[in-house]
Structure formats: C-alpha cells, structure tokens
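A.B. asks: Okay, here's what each chain looks like letter by letter:
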Amino acid sequence: MKLTNIFSLNLKKLKTRPGKAMFLIIPVTILITLSILISSQVENIRAALSGTVFDTIADQYTLLTVKTEEEDFNPSSMFNNQSSFEQNKFSSTDIETVKSIDGVKNASLQSTLPLQNIKSSDLFTDKTISLSNISTLDSDSASLYTTDNFTYTEGEPIPIILSANSFSYTYEDWSAGDTVTIEMGTPGARTEGEEPQRNRMTIEKAEAIEYSKDDLIGKTFTLSFGGLEDIQDYTTSMDRETRVTTITKLSDDDYNTKIDEREEAISEYWDYEKISTPSTYTFVVVGILEDESSAISYIPTDFSNKVVSDLISNEMNARVDEEIPTDVLNTDFLGLTYDGDELSSGSTSGMMSQIGGRLQGQMQGQMQEQMGRPSGEQEEIEIDLSFSAITIPGLVIDIDEDNNVVGTLDDPDVYSTANKYADSMSIILTSITERTEVIKALNKAGYAYQDLGDLDVFENLESTLETVSNIFLVSFIVLVAAIVVLTMGKLISESTKEIGIFRAIGMRKEDILTMFVSQSLLYVIIGYVAGVAFGILLNFVSSTIVYTWFNSFVDDTISQTFNVVSAVDSSIFRDINWFSVLTYSILLFIISLIVSIIPSLSASKISPVEAIKNE
Amino acid sequence: MQNILEVKNLTKRYKDGDIEVTALNNVSFSLSVGSDLAILGPSGSGKTTLLQLAGGLDAMTEGDVIIKGQSIKDMNDREISDFRNRAMGFIFQMINLQPFLTAKENVLVPMLILGVPKEEASERADQLLTRVDMSHRANHLPSQLSGGEQQRIAVARSLANDPQIIFADEPTGKLDKKNSEMIVEMLENISREKDMSVVMITHDENIAKRFSRVIKIENGVVKKDVNFKIK
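Residue numbers (the numbering used here), protein chains in the order written: chain A, 1 to 615; chain B, 1 to 231.
Read the hints as simulated data drawn from the structure, not as lab findings.
Treat each hint with caution, since some may be false.
Claimed, not checked - Derived Cβ-Cβ restraints for the label pairs, each shown as a range:
hint : chain 1 : residue 1 : chain 2 : residue 2 : range
1    : A       : Arg-17    : B       : Ser-30    : 41 to 49 Å
2    : B       : Asp-18    : A       : Thr-467   : 50 to 58 Å
3    : A       : Thr-467   : B       : His-140   : 52 to 60 Å
4    : B       : Asn-139   : A       : Ser-475   : 20 to 28 Å
It should be emphasised that the depicted structure is a prediction, and the values quoted were computed from it without experimental measurement.
In this text, a Cβ means the ideal position worked out from N, Cα and C, and glycines have one as well.
Turn these sequences into a full structure, and let the hints steer you where they fit.
C.D. replies: Shown next, in the form of structure tokens:
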C-alpha cells in the first residue's frame with residue numbers, strides 16, 4: 001500500500017478521533033516545551049555566568065602575583081650583605097623565564113619606585129596623605145584594576161591607581177603635655193619588627209580618612225615628589241633600667257636651630273631653594289584598590305622613569321659645586337645609591353645603605369661601650385636619628401661592589417637603564433583555563449605559588465547545571481520511550497477490530513506496521529510542533545523569573561566573594577539554545593521511531609479473524 | 001464448469017486450555033464459478049470457522065482450500081493479503097466499517113490497498129454507493145448511519161475490487177427484517193452477476209432457502225448438502 005494512502009488514513013483517524021491522539025501529543029508537547037526551557041535556561045545561566053561573573057573573576061583569576069619568599073630577618077646580614085636581599089628578588093631575567101611559560105600572556109615586575117616623601121595635600125580637604133609605597137605597572141596589568149587608559153602622556157594628568165590603605169594621615173599627639181613617658185613591655189619581649197611596641201614609643205598617631213570611591217574615581221589631584229623631609233620636632237630617650245621612654249618636644253628655638261643647621265649644611269653644596277622644592281605633577285585617579293593586605297599604589301612605568309629623571313636633573317641643577325667630596329656622601333648626605341646594577345632608595349633594602357656609614361659607626365661604638373661595662377651601670381642612651389644625615393632628593397651616589405662610595409652619579413637616565421628588582425611580579429594569563437597549568441609550570445621553575453583561588457561557588461553551580469541537564473536528558477529519553485510505547489500500545493490494543501478489518505480487506509502485515517509507526521510519528525510531530533511553540537513562549541515568559549533568580553544568586557554568593565561583579569542583561573535569558581533544541585528534536589524522533597516499532601509489530605500480528613469476532 | 005472454490009478435507013483444531021477442540025472436521029465441497037451458497041448451522045457449529053479458513057483469514061490444521069485454482073495453504077502473508085484484496089470480498093456482522101472513515105472512504109480502502117489511481121477509485125466508489133443506494137450518505141461516518149445502511153456500505157466495499165467470490169458472515173444477524181431483506185436481495189443480485197460467487201453464513205433457514213445451494217453444518221461436520229436450483 002502506498003505510503004501516501006497510509007498517511008491519509010492516519011490523518012482521517014486523527015481528524016475523527018483527536019482525543020485518543022492527545023494521549024501521545026500532549027506528553028510530547030510537555031516534554032519538548034520543558035526541554036527547550038531547561039536546556040535554554042541552563043545554557044543562558046552558563047552564558048550569564050561566563051559573560052558576567054566569570055568575566056569578573058576571569059580578570060582577577062588571570063592575574064597571578066608571585067612574591068619572593070621572605071627571608072628571616074637577620075640583623076647581621078643587614079649591614080654586611082646587602083646583596084643577599086637582591087639575590088632573592090625578581091629581576092628582568094625572571095620575567096624572561098616566566099614569559100616563556102605557555103599560557104602566560106605577560107609578566108611584569110611590580111618594582112617599587114625608589115623615591116620617598118611623596119605627598120598630596122589636595123586629594124582630601126585639609127588632610128595631607130603620603131604615599132609610602134608606589135609601584136610601577138604596565139598598561140596590560142593595569143587593565144585588571146581599571147578600564148581606563150593607563151599610559152603616561154605628557155601634558156595630561158597622569159593615571160594613578162590608589163590603594164585605599166594609603167588614605168590616612170599621621171599627627172603628633174601632644175595632648176598629655178610636651179613631655180611624654182611611655183613604659184616598655186617586659187624585657188626580652190622586644191624583637192625587631194614588632195609593630196605594636198614600636199608604636200608605643202612614639203607620639204605619632206594615624207587616622208584613616210573616610211572616602212567615597214565614586215567621588216575619587218576621575219578626580220584630578222597633585223602629588224609632590226622630593227623636597228626635604230620633615231625635621232623631627234622631638235627627642236626620644238630611654239632609661240634602660242626602668243625601660244621607660246621619654247619623648248620631649250623641642251622648643252621652637254631648638255627646632256628652628258635644627259632647620260637652620262640643615263640649610264647651612266645643604267647650602268655648602270646645593271642651592272637650598274632649588275633642592276627643597278618638590279616636583280609636583282597632576283594625576284587623575286583611575287582606580288581605587290580596596291585590598292586589605294596591600295598598600296601599594298600604581299603609576300605607569302613610563303612616568304616612573306620621568307619622575308626619577310626629573311628629580312636627578314633637579315639635583316644636578318641645584319649643585320653649587322659640581323664636585324661633592326666623596327667622604328660626605330652616604331654620611332652627611334644620603335640619596336639614592338647605584339651599584340652599577342640597581343638604583344636603590346631608603347625604603348626596603350635600600351634603607352640599609354642609607355643607615356650605613358656614620359650612623360652604623362655610631363651605633364656600633366655605643367654597643368661596644370655598653371658591652372665593656374658591668375651590668376647595672378647602664379646609662380640612658382640617646383640615639384638621635386634625625387641629625388646625622390640629610391636626604392637630598394635626586395642625589396645619586398655611585399657605590400662599588402663593596403658598598404664603598406665612589407662619588408655622585410650624574411645621569412638623569414640611570415633609573416630607566418638600571419636593572420629593576422622587585423619582591424613581586426604580576427603574571428597575566430592568556431585565559432583563566434590556563435591557570436592550573438601555569439601554576440604548575442611556575443612551581444616547577446622555582447617560583448613557589450600556592451593557589452588559593454577559590455572557584456567552588458562557580459564549580460558548584462556549573463555542576464548543578466550539568467546535573468540538571470543530564471537528569472533531564474535521561475528523563476527525556478526514558479519518558480519519550482515510555483510514553484510512545486504505552487500510548488501506542490493502548491491505542492493498538494483498542495484497535496484490534498480496525499486492524500482485523502484492514503487485514504481482511506487485504507492490508508499486508510507491513511502495511512499495518514507502517515500505518516502505526518507513521519501514526520505515532522504523526523502524533524509526535526504534532527506534539528513536537530506545539531512543544532516548540534510553547535517552549536519558545538515559556539522560555540520568553542520565564543526569562544524574567546530566571547533573571548531575578550540569577551541576580552539573587554549573584555548577590556548571595558558571588559558578590560560576597562568578589563567586590564566587582566559585572567551586571568548581567570536580562571535579555572540573555574530570552575535566548576534559545578537551538579543546538580539543544582536540535583539535539584532533543586533528533587532524540588525525540590529517533591526514539592519515537594524505534595520505540596513505536598515495538599507495539600506496531602504486535603499490531604501487524606493481529607489476526608484478521610479479529611474482524612469477524614462478534615461481540 | 002470451473003470451480004471458484006474447492007474445500008478439501010478441511011479440518012480445524014485448536015486448543016482451549018488443555019482441551020483440544022475440533023471446530024471443523026474433514027469438510028469437503030466445491031463451488032462452481034458464479035454460483036451461490038448458504039452455509040447453515042446453529043451457533044458453534046463451525047460455520048464461521050469454515051468461512052475464516054476458506055477466506056484465508058485463519059490457518060487450517062489439515063486439508064486445503066483452493067480458490068481460482070490456487071491453493072491458499074502455502075501462501076505467505078503478502079500473497080494471501082493481496083489475494084483477499086483482489087479476489088475476495090468480505091461482509092461481516094456489525095460493526096465492520098472503519099469508524100473514522102466516511103461511507104465512501106470505507107468503500108475506497110480496498111482500492112487504495114490495491115493501488116487503483118485516486119480518480120478512478122473515487123469514480124468506482126461512487127458507482128458502488130449508487131448501486132447499494134447509499135450515494136446520498138457518501139460523506140457520513142458509520143456512526144451517523146443505521147445498521148442497515150452500514151451493512152449496505154459493507155456490501156459496496158466488498159465489491160470494490162471486483163472479486164470473484166464474496167464471503168458474508170451472518171450479514172443480517174443484527175438487522176431488522178426490512179434491512180435483512182434488502183441485504184439478502186443485494187447478495188442475490190450480486191450472485192446473479194456473471195463470474196461472481198457468494199458464500200453466505202446464516203442460521204436462518206428462510207434466508208438459506210433463497211440460495212441455490214445450502215450446506216448444513218453441525219458440530220463441524222457437513223450434515224446436508226442440498227442443491228435447490230440450478231442457476
């Protein structure tokens with residue numbers, strides 16, 4: 001029998017008895033509707049995650065900051081072996097090594113600007129802040145913190161990313177009078193580097209400044225580099241017996257005398273006016289870092305070369321005499337030091353070279369004096385750190401391998417050509433997926449990195465989505481098979497008379513088989529078409545609900561882990577996952593075809609005698 | 001005269017649980033082309049079984065049935081199906097029309113199975129409906145027709161592919177007198193046509209008497225084989 005004739009018989013059956021067909025059509029409609037809804041929304045949530053949340057983390061997770069292993073603080077190495085610090089630091093060689101690792105897009109040193117006394121008085125009203133820790137950052141790495149341009153262009157405000165931790169100002173608290181005594185802790189408890197005890201020895205207090213990120217971003221302000229340091233307006237002395245520290249405020253006369261003494265000392269070699277005037281630049285805030293563990297602010301690498309060069313030039317211009325006696329360098333006058341490799345400052349490792357010379361001699365002398373005396377005869381000693389040496393901004397002292405002063409180094413470009421060392425390097429990955437491999441490679445190359453990145457929240461959601469998809473897929477297959485077998489089985493069992501009659505008037509077994517298989521496919525197609533229509537509609541309608549849920553999920557979980565979470569557009573949840581629709585469509589038809597053969601085969605075996613059976 | 005149907009030692013046994021039942025026992029007869037035959041017998045006598053076996057609707061246990069000189073015993077499903085479609089017409093008791101097809105469509109089905117072109121089939125269906133006086137109800141579904149009307153459609157359908165033999169299994173069993181009369185008359189008319197034989201099963205002796213030959217069956221065995229008239 002012709003297929004078209006069989007098909008027209010099926011259509012007539014459907015037309016006169018649509019009720020029976022509905023037992024198959026409606027479940028198929030529901031399944032297809034759900035498959036479109038579920039597979040599309042699963043994919044939409046994934047897209048929303050990767051398009052928004054994952055982008056957020058991707059930025060943060062494609063950046064690795066590798067830090068040098070901190071050495072145990074060893075006072076003896078402080079004075080004797082300066083180079084041991086540098087051995088543990090990263091240099092351009094390390095950058096080359098890291099850059100050669102697959103999956104590393106870029107690596108750069110977060111080298112600290114070798115400058116001190118960097119201040120701004122106009123970022124906050126009436127409060128001067130000083131930026132103690134400025135590092136350089138190339139524009140690639142800066143893209144992790146700011147979307148704004150991070151390059152230095154002459155004549156335009158210089159972009160800067162500020163650490164919120166630097167928003168504090170210090171002041172001297174003389175509320176208890178001009179003389180303050182502070183009792184020390186128990187003997188022996190004092191160890192180097194213990195912050196609280198040192199704080200108790202000063203009358204300097206610090207207070208954090210409240211700020212609004214939104215107000216600060218885009219704000220222009222000025223930063224001054226260089227200039228002379230403030231002269232301490234008090235003296236500190238300690239009674240070793242009672243362990244009581246006495247801080248005494250200097251009288252105005254004494255204080256002015258100190259300033260005058262300093263001016264006199266400087267004027268011997270430099271124009272006092274010129275050397276004491278800081279270089280001031282206009283900046284624009286392009287980012288605020290709110291990281292509890294870091295106080296580093298960032299400026300463009302190009303600008304760091306310029307500012308150091310400007311200060312060196314200023315110092316050279318300010319010279320009264322071109323020659324400064326070698327013996328006063330690093331004793332009476334401090335500055336940057338250049339050992340033929342690195343330009344160092346008073347901060348971090350450079351501090352040692354600054355303290356060196358005369359001060360070192362002074363301390364060692366006193367220590368030896370102390371040790372020579374019997375105990376109990378200890379006197380009150382006074383170490384005045386303020387007088388001994390004057391820091392000249394922009395002064396570069398040339399030293400040899402053994403830290404002996406060679407002379408001044410009069411080269412404004414020394415910083416840009418010098419090797420730079422850093423305690424940390426920023427590594428940008430080509431993709432978040434490379435993270436694990438790169439970390440492995442880094443550790444193998446000797447750069448210890450413990451991966452603390454926690455992607456659990458997303459992995460959990462991802463695996464939930466995966467589970468939902470898989471459960472639905474399996475349910476879909478099982479349900480389609482079951483529904484087709486059951487409904488067709490029932491339909492056929494109710495059609496024995498019909499089959500008998502067809503057989504009696506000459507239909508072959510294969511015609512009966514074809515008739516019922518095509519009948520079930522016809523119903524499945526109708527259910528499918530309706531399901532696609534309903535699915536698209538329901539997907540559209542439910543997009544708002546899914547969007548609301550997604551936002552609350554982000555609020556509840558991701559926002560708590562990450563400060564910045566990109567917003568997601570609700571239209572993303574209206575998308576249909578056509579690939580899945582196609583997959584489910586193919587599955588539906590293949591399963592229906594295969595499974596409908598089973599009851600249809602039994603239909604074909606129904607004897608024509610059934611037609612004659614009298615009820 | 002050539003035989004359209006030859007039934008040879010036809011036996012049908014089947015198992016009803018553990019008991020073997022002989023529905024038909026060694027029945028033999030032959031029917032010449034264009035003749036008519038009534039098979040008479042009470043219910044359970046085996047007359048329906050005889051018709052099922054003769055029409056190739058069921059498998060025989062022993063013996064053979066030869067239609068148009070062809071043994072149906074060894075035919076496969078395809079062959080016997082095609083044979084039923086072309087050479088035989090069937091009229092059963094109520095309700096044997098496809099309920100989802102209109103009167104005309106029911107008549108059309110055997111022709112569609114055979115592969116008669118649509119237009120030709122449609123034309124022939126109209127003729128057949130006119131012949132059974134049902135052209136006015138051509139587009140009605142069986143449920144919209146009376147029992148007599150339905151059976152007239154069944155008669156038209158049995159004639160669709162111009163068969164040589166019509167098997168009718170108590171076609172009047174559920175009809176009133178008037179309708180029964182009409183159906184029997186139709187079958188009589190058909191049997192008068194050249195080359196068309198009619199085999200009808202009935203338990204009504206009055207109807208059986210109107211046929212030129214009556215075979216009476218009891219307990220699966222031929223009791224009587226009477227020729228009333230020669231056609």
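A.B. asks: Each hint needs a verdict: does it hold in this structure or not?
C.D. replies: Verification of the supplied hints:
Separated by about 44 Å at the C-beta atoms, Arg-17(A) and Ser-30(B) satisfy the suggested range of 41 to 49 Å. For the pair Asp-18(B) and Thr-467(A), the beta carbons lie near 56 Å from each other, so the given range of 50 to 58 Å is met. With their beta carbons about 56 Å apart, Thr-467(A) and His-140(B) fall inside the hinted range of 52 to 60 Å. Against the hinted window of 20 to 28 Å, the Cβ-Cβ separation of Asn-139(B) and Ser-475(A) comes to about 45 Å, which falls outside the hint.
Of the hints listed earlier, the one the structure fails to meet is number 4.
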